[in-house]
Amino acid sequence: MRSLRSVNLDVGEIVQIDEWLADGTASVRYRGAQWQAVSRSGQPEGPGSYRVTELVGNRLMVEKA
Numbered sequence: 001m002r003s004l005r006s007v008n009l010d011v012g013e014i015v016q017i018d019e020w021l022a023d024g025t026a027s028v029r030y031r032g033a034q035w036q037a038v039s040r041s042g043q044p045e046g047p048g049s050y051r052v053t054e055l056v057g058n059r060l061m062v063e064k065a
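Residue numbers for the sequence shown, in the working numbering: 1 to 65.
Warning: the hint list may mix true and false statements.
DMTMM-like, lysine to aspartate or glutamate: derived pairs with alpha carbons at most 20 Å apart [as the list claims (entries may be wrong)]: (1) K64 - E45; (2) K64 - E13; (3) K64 - D18; (4) K64 - E54; (5) K64 - D23; (6) K64 - D10; (7) K64 - E19.
Keep in mind that the hints were calculated from the coordinates and are not lab data.
Given the sequences, and given the hints that come with them, work out the whole structure.
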């Protein structure tokens, strides 16, 4: 994870997700802006804390923290 983090400082950061949509995405506030989060598993998950694993365009790929 350290090598990925040096490439992108967002990897490893924690975001709070309150609600997932049926398509496996959620809207999150991160770094002062609204982002679309996508579940790494591809399935909607419960609310809670999620770790950013990758940035794909303007989407945050996340997994349960």
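Quick rundown of the hints versus the structure:
1. K64 - E45: Judged against 20 Å, a Cα distance of about 8 Å means the pair holds.
2. K64 - E13: holds (12 Å)
3. K64 - D18: holds (13 Å)
4. K64 - E54: The hint holds at about 13 Å.
5. K64 - D23: With Cα atoms ~17 Å apart, K64 and D23 stay inside 20 Å; holds.
6. K64 - D10: Distance of about 15 Å is within 20 Å: holds.
7. K64 - E19: Holds. K64 to E19 sits at ~13 Å (cutoff 20 Å).
The structure shown violates none of the earlier numbered hints.
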